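Student: Sequence:
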Amino acid sequence: MMKNLGQRGVLAVLMLVAGAVMAWADISGSYFVYGRHGDGRAFEGTATITAANEDRYAVEWIVGSGTYNGIGVLEGRVLTVDWDTEAPAIYVVMPDGELHGTFEDGLAVELLTPERRQLDRDQGAD
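Count the sequence shown with my numbering and you get residues 48 to 173, in order.
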C-alpha cells in the first residue's frame, strides 16, 4: 500500500508541474541522460525515443555498460515508461524539449536533454 501511495504521490506532483494538458509534438529523438539513483550514485548515458504509434513510444537507455528498454505512453506532457522494474519511469515533457523524470519509485531523478539542444549549448549557440 505504501509503495502505491509513493507512485501516486510522485505522479500527482508531476501532473502539477506539467500544468495544463496539451498535445505535444513527437518526442522521438536522441537524448543525453543525466541522473542520480536513490542512494546518491550519479550516472549518465544516452537514450533513444522512437514513436510506436500516436501516443506510445519505445525507449532505449544506454547507461554505463547496460542497455535498458521500455514502452511508454504519452498523456499530455507526462510520459510513463514501463521497463524491467516494478515501478515505471515517469517524465514531464518540458517546453524546451527536455524530459524531467523520476524512477526507483520516486527515489531517483533523471534528466533527458535532446542531443541537438545540448550540442548547441556546448557550442555557445542560443
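None of these hints come from the bench; they were simulated from the model. This one's a predicted model, so the numbers in the text were calculated from it and none came from an experiment. Don't be surprised by glycine CBs; every beta carbon is placed ideally from N, CA and C. One or more of the hints may lead you astray.
Label-pair distances were calculated between CB atoms; the ranges are [stated by the list, open to error]: (1) Arg103 to Glu133: 17 to 25 Å; (2) Gly123 to Asp86: 12 to 20 Å; (3) Pro142 to Asp86: 29 to 37 Å; (4) Gly87 to Gly123: 14 to 22 Å.
Student: Each hint: holds or not?
Tutor: Hints, verified against the model:
1. One distance hint, 17 to 25 Å for the beta-carbon pair Arg103 and Glu133, holds here, with the actual separation near 20 Å.
2. In this structure, Gly123 and Asp86 break the distance hint of 12 to 20 Å, their C-beta atoms being roughly 31 Å apart.
3. For the hinted restraint 29 to 37 Å between Pro142 and Asp86, the CB-CB distance of approximately 31 Å keeps it satisfied.
4. Distance hint check for Gly87 and Gly123: the Cβ-Cβ separation is about 31 Å, which falls outside the suggested range of 14 to 22 Å.
Hint violations for this structure: numbers 2 and 4, all remaining hints satisfied.
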